[in-house]
Structures are given as C-alpha cells and as structure tokens.
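Peer 1: Sequence:
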Amino acid sequence: MTDVICYRDAYARSVEAAVSAVETGDDGRMLVTLDRTVFYPGGGGQPADSGTIAREDGATWAVPGARKSGAGIVHLLEGTDG
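Residue numbering for the sequence shown follows the working numbering, beginning at 25 and increasing consecutively.
None of these hints come from the bench; they were simulated from the model.
One should not assume that every hint holds.
The following label-pair restraints were derived from C-beta to C-beta distances [stated by the list, open to error]:
no., residue 1, residue 2, range
1, R60, A86, 16 to 22 Å
2, Y31, G52, 28 to 34 Å
3, T76, S44, 14 to 20 Å
No residue lacks a Cβ here, since even glycine has one placed at the ideal position from N, Cα and C.
My request is simple: use the sequences and hints to build the entire structure.
Peer 2: This is how it looks when you write it as structure tokens:
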C-alpha cells in the first residue's frame, strides 16, 4: 500500500520513500512502487504527475508518469542509472 501524499497536500514536492516493488513493463521499462509518493497518478481527466526519483547515492531516473495499481502507485522510470 502506498501513502499517497498528494491526496492530502497537493503542493508537496518531495518525500523520502522506500521501494516496495520493482517490475518490468511490457515495453521493458522499469515500474517501481514506493511506500509513499507525491506523484499524482492521474484520473478524472487530470494527467499524472511527472518528475524524477533520486537515490541517496545520486543516481536519478526520469518519471514520465504514474498510475494506480491495486493499493499502490506505480511509477514508470526512464533511464539506466543504478
């Protein structure tokens, strides 16, 4: 289950989070579920948020979008850092 911070605070811009799950999408890109997120997954005509995810060691990934998946939010990652 993901704590979706944007539902409580639409202005939140960052949060520390832990990876809950990692999958590979049909297109080969990485799909990551976090224990908490500020990314809005889209819905009701609103587009999903985009941005970046960074690890403590400085590796970063572009996040072109996010979507609901069960009780979590899946983040689509682009790039090969890490």
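Peer 1: If a hint holds in the structure, say so; if it does not, say that too.
Peer 2: Now the hints, each set against the structure:
1. Between R60 and A86 the beta carbon distance is about 20 Å. The supplied range of 16 to 22 Å therefore holds.
2. Separation of Y31 from G52 is about 30 Å and conforms to the stated range, judged on CB atoms against 28 to 34 Å.
3. Between T76 and S44 the Cβ separation comes to about 19 Å, which falls inside the hinted range of 14 to 20 Å.
When held up to the earlier numbered hints, the structure conflicts with none and fits them all.
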